[in-house]
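Going line by line, the protein sequences match chains A and B.
Position 83 of the first sequence, counting from 1, maps to 83 under this note's numbering, and the rest follow consecutively.
Position 45 of the second sequence, counting from 1, maps to 45 under this note's numbering, and the rest follow consecutively.
The set of hints was computed from the structure by calculation and includes no laboratory data.
No false leads were mixed into what you were given.
Among the chain A residues that face chain B by a calculated CB cut under 10 angstroms, a handful are:
#1 Gly-43
#2 Ser-81
#3 Glu-118
We put the beta carbon where it would ideally sit given N, CA and C, even for glycine.
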Amino acid sequence: MSRFSILIQEAPYTAQAATSALHFTCAVLAQGHEIYRLFFYQGGVLNASSLIVPPQDELHLPRAWQQLVTEHQLDAVVCVSSALRYGVLSAEEADRYERGQGSLLPGFSIGGLGQWVEAMLLADRHLAFKA
Amino acid sequence: MATPSPRRFLFLVSCSPWQPRAQALLDLLMTTAVLDQEVHLCFWGDGVLHLLEQQDGTDLQLKTLARQLPALELYGVTHVYAEREALHRHGLDTNALLLPSPTLLDQAGLRQLMQQCEIVEHCG
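Chain A with its partners taken away, still in its complex shape (with noise of 0.2 angstroms):
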């Protein structure tokens, strides 16, 4: 069993690799090895957010990423500058910011970069999904 860490940079519907990212994360679940943590960067952040509303026929993303974070309580961390950046606010930013309520889907929490690099140290593959 070897242990994952999966970087995601890319926002969802805009190049394949966030649904490459959630399909390998699901194969490695599905074979039995561990994910150390996800972690959301640049655009990947909206992969978090609760405002994406995708047509019916289409897979919504971050609606299945966060049926796997929650089937499997995998540590998803969404990078916190980029989430400020792209609007992806949790509630207590929201508030801190003054925009209202917050758009951070449940089960992904907001952290720094050097959680990132913990997460390549500590497993023993990570992989980066971008475009």
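Could you slot chain B onto chain A? The hints should help.
Coordinates of chain B only, in the frame set by chain A:
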């Protein structure tokens, strides 16, 4: 946060300045350096344009990434490399670069460097 043992990282920059991914990689590099990891930084291809002096993004309303580069030494980032051929191709004088005296590499040198580093991060 756990305190993992130090590893050797290579950050390979082959995208030109003014691209958001360059800033993202630099942020990651500085975070890595702060966590006491051994950091190597290599400018390759169009990435050598980061070493051009007197860059100014004011007219583009962009942050000038180049202004952060001289501070890298404060983060303990002293292993800096640049592609020899790319510097020549872009007409950059090795004596007038933003970061003084980077180690000049060719393809074989980069290959060797990549083999020596345990973790390679790339933006291109």
